[in-house]
Amino acid sequence: MGDRSRLCSVWLGSETGILKGVSLSRKQAFNFCNMSHLSREQEVRALCWGDPAESELLVGSVDGSVKTFSVEKGSFTETRRCGDPADGCFSGLAVLSGSALVTCVESGTVRVWREDSGEPVTELHAGKNVSRMRQSPVHRHKVGTGGKENGLKIWDLEKPEQPVFTAKNLRDDWLDLRQPYWVRDLAFIPDSDRVVTCSGYHQVHVFDPSTPQRRPVLQLSFGEYPLTALSLAPGGNTVVVGNTHGQVAMLDLRTGLVCGALKGLSGGVRGLQCHPSQPVVASCGLDRFLRIHSLDDRRLQHKVYLKSRLNCLLLASRDPEDKGTVDGICQEVKEEDEEEDEVWDTMERVGDTGEQMKRKSTEEEEGEQQQKKKSKMKRKKGQD
Amino acid sequence: MDITEVPVSQDIKSKKSKNKKTKKKRVSPEGAAKKSGADQEEVEVKMEKTEAEAAFPPTFSVSEIKNKQRRHLMFMKLKQEKRKQKIQLKKKKKKEREALGDKAPPKEVPKTIENQRVYDETTVDPEDEEVRFDEGTDEFSAYFNGLTNPKVLITTSDRPRGRTVKFCEQLATVIPNAHVYYRRGLALKRIIPQCIARNFTYLMVINEDRKVPNGLVLCHLPDGPTAHFKVSSVRLRKEMKRRGKDPTEHFPEVILNNFSTRLGHSIGRLFAALFPQDPQFVGRQVATFHNQRDFIFFRFHRYIFKNEKKVGIQELGPRFTLKLRSLQKGTFDSKFGEYEWVLKRHEMDACRRKFQL
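Going down the list, the protein sequences come from chains S and R.
Counting in the numbering used here, the first sequence runs from 1 upward without gaps.
Counting in the numbering used here, the second sequence runs from 1 upward without gaps.
Treat each hint with caution, since some may be false.
[What the hints assert, rightly or not] Chain S residues, not near chain R, derived (Cβ > 12 Å throughout):
#1 S65
#2 T77
#3 A86
#4 V95
#5 H139
#6 E158
#7 P190
#8 D287
[Said to hold, decoys possible] Simulated pairs of lysine to aspartate or glutamate, EDC-like, Cα-Cα distance not exceeding 16 Å:
#9 R/K230 with R/D209
#10 S/K303 with R/E121
#11 S/K263 with R/E347
#12 S/K263 with R/D349
#13 R/K189 with R/D333
#14 R/K90 with R/E108
#15 R/K335 with S/E224
#16 S/K303 with R/D120
[As the list claims (entries may be wrong)] What follows is a set of in silico ranges between Cβ atoms, one per label pair, in the way DEER data are often shown:
#17 S/S55 with R/K230: 31 to 39 Å
#18 S/T68 with R/N145: 28 to 36 Å
#19 S/A261 with R/E114: 27 to 35 Å
#20 S/D176 with R/A142: 41 to 49 Å
#21 R/Q116 with S/L218: 44 to 52 Å
#22 R/P222 with S/D252: 42 to 50 Å
#23 S/E321 with R/R198: 54 to 62 Å
#24 S/R81 with R/K166: 38 to 46 Å
#25 R/Y119 with S/T68: 36 to 44 Å
#26 S/P234 with R/K354: 47 to 55 Å
#27 R/R132 with S/P279: 33 to 41 Å
Keep in mind the hints are simulated off the structure, nothing from the lab.
Cβ atoms here follow ideal geometry from the backbone N, Cα and C, with glycine treated the same way.
So that you can see chain S by itself, here it is in the shape it has in the complex (with noise of 0.2 Å):
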């Protein structure tokens, strides 16, 4: 199992109960799982690295359990109680350094809990139905929390009694009619104080605590079904969104405008995440694939089906194409190469241009794997 769950560059919570882990560089995906064991009320809700180092996973599910999955074993090592089921399950989950986790359930309770007690150590009320609960990635102790009817509020875990911003409702229509309000989803922007968020009102908001304006500082709109996740890209300039009509889209920032939409998906998203490094955003949802779409072209890169219902999802920060990191497997993957040469040597060559063409691809290969030999080997230097 350690072997496999080392493999693994996507991870994601199904509707089901099982934790599945995917390789992209294999091709392969692992439910890591008692399978005589499923149950509905195991249904993972949020996923959470446990460490910087991204050796741990935390999983929230349904029944009101943190469970910890250590990667490099490739089980689940323990189980914590974190509030009661009736409260709702979770809307987020995160760590805070000194391997404090928080908590927050849908009817609004964020928790922090440390490493043996059983009662959390800090409590408090974000309002009702709370949709989603983000963690700042600068500040680790900012948290922000929306929900239906339930603005956008950011709140410093280390003083709890009151949100250090507090977004106002968009202003009456012309008709003088109050606006609904839904945050599903937000995001904060690096390098700056500013947070995005995405309505079930198919809206994107950005607000900006640095600013005494508690209205959003820029409005956009993405189709006419609501959007369900949201996350920003790497450059922070262009966020994702998704709906519940399975269309994904990037819109900039900085302009409002689409820049493009990602196709392919056939049912609503749950869950988004952009690679922190490389330009490739990771989609699934209802439809049971898991989608990586590429940035730049905005072509589909992989396509995985992994049978059930999927919630939400978790990218390593490791290159999602990178091949595994255990020298056995190295050494695999480079006999497979070794192969692939022989089997370029032995080909036939079909003609005089088919030949130059040919040489210079393979002569292109060759360059390929040479560096990505290096690289290797740079790998297993480091490891040393």
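Once you have looked at the hints, place chain R on chain S.
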């Protein structure tokens, strides 16, 4: 200056001379043709005779003939010739087969877009534990475990007219325990809680456009899913040829054909749960949902065993065709509901050999 000009003029002259030569050359065949102008008719006659033997240059095509009548004539001849050849080839093959007798190679299966279907990775493997668990605990599990009995409410869009009303009535005779209600302008989202309170397991809404039924919303209660179909080619009982007597009240058997993918399985289960689980074989009635190229054909038959080998069937009607538009999780909510599958035209049906169900 003069010195420089001279060679240029020479060049031009030389070019001219060349042109003249070429012109002459070109002219000569034309002239020959003019000379043999009297022969032209003869040539044409010959052409007619020999066109089957491809007396024309290889690039000749019938469409190049400018005279319409002539073109038509030639085309007809071309077609006849082709057909003759085809029949000859067929006869030859048949003779060969007969000569070979038992040793004849097996007949080739004709290529259709169904048997050339692109492999779908979601095709359900009955051995698969995960899919079995997923299906075993889904919204229909209560029905398939025998905990609930189906009870169906059939209604229409507002103010139904013409065929839609009759279609509803006939559907209600096909589906046991179905109740037809007048819509009375009620919103579906307000009907659903009332239906749940009265233990209905299905809500079926037939939409009409200009007196013709064209849509079907099938909502499983109490917690979804909801499927939206396009309805076409509805044939009511009255319009049916050689139809049997009106169906009896026995529970019919249900046949579900070709629902092979994961989505197809969900749709198949949705249809299966419409009918009670234990069919009454005394009634000898069968309802068939046949999926072919993503179109679902509904037929309702009565059968009879004539002897050990022969079975007679008699169609009872109505018949109609469904095509899935969307499958939504949860009860009907077209605005905020999450869709499990949505038909995206031009994106999904770009490949004609790819099927969703």
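Evaluation of the provided hints:
1. The beta carbon of S/S65 is kept farther than 12 Å from every beta carbon of chain R, the shortest such distance being approximately 19 Å.
2. No Cβ of chain R approaches the Cβ of S/T77 within 12 Å, the least distance being about 23 Å, so the stated non-interface status holds.
3. The Cβ of S/A86 lies farther than 12 Å from every Cβ of chain R, with a closest approach of about 19 Å, so its non-interface assignment holds.
4. A cut-off of 12 Å between C-beta atoms confirms that S/V95 is not in contact with chain R; the least separation is 29 Å.
5. Its beta-carbon lying about 33 Å from the closest one in chain R, S/H139 satisfies the requirement of being farther than 12 Å from that chain.
6. Every C-beta of chain R lies more than 12 Å from that of S/E158, the closest at about 37 Å, which supports listing it as non-interface.
7. For S/P190, the shortest C-beta to C-beta distance to chain R comes to about 30 Å, beyond the 12 Å cut-off, and the non-interface label holds.
8. Non-interface call for S/D287 relative to chain R: violated, since the shortest CB-CB distance, roughly 6 Å, does not exceed 12 Å.
9. Simply put, R/K230 and R/D209 have alpha-carbon atoms about 12 Å apart, close enough for the 16 Å limit, and the pair holds.
10. Between S/K303 and R/E121 the alpha-carbon distance is near 10 Å, which keeps this suggested pair within the 16 Å criterion.
11. For the given pair, S/K263 sits about 8 Å from R/E347 by alpha-carbon distance, which is consistent with the 16 Å threshold.
12. Our distance criterion of 16 Å between C-alpha atoms is met by S/K263 and R/D349, whose separation comes to about 13 Å.
13. Taking the CA atoms of R/K189 and R/D333, the gap is about 7 Å. The hint holds against a cut of 16 Å.
14. Under the criterion of a C-alpha separation no larger than 16 Å, the hint pairing R/K90 with R/E108 is consistent with the structure, at around 14 Å.
15. At most 16 Å may separate the alpha-carbon atoms for a hinted pair to count; R/K335 and S/E224 meet this at roughly 9 Å.
16. The suggested pairing of S/K303 with R/D120 holds, with an alpha-carbon distance near 12 Å, which does not exceed 16 Å.
17. One distance hint, 31 to 39 Å for the beta-carbon pair S/S55 and R/K230, is violated here, with the actual separation near 51 Å.
18. One distance hint, 28 to 36 Å for the beta-carbon pair S/T68 and R/N145, holds here, with the actual separation near 35 Å.
19. Remark: the range hint 27 to 35 Å for S/A261 to R/E114 is upheld by a beta-carbon distance near 31 Å.
20. At roughly 48 Å, the beta-carbon separation of S/D176 and R/A142 lies within the given 41 to 49 Å, and the hint holds.
21. Restraint check, R/Q116 to S/L218: a C-beta distance of roughly 50 Å satisfies the suggested window 44 to 52 Å.
22. At about 43 Å, the CB distance of R/P222 to S/D252 agrees with the hint of 42 to 50 Å.
23. For S/E321 paired with R/R198, a C-beta distance near 56 Å keeps the hint of 54 to 62 Å intact.
24. Range check, S/R81 to R/K166: Cβ separation about 59 Å, and the 38 to 46 Å hint is violated.
25. Remark: the range hint 36 to 44 Å for R/Y119 to S/T68 is upheld by a beta-carbon distance near 39 Å.
26. Hint check: S/P234 to R/K354, Cβ distance near 34 Å, so the stated range 47 to 55 Å is violated.
27. At roughly 39 Å, the beta carbons of R/R132 and S/P279 sit within the given window of 33 to 41 Å.
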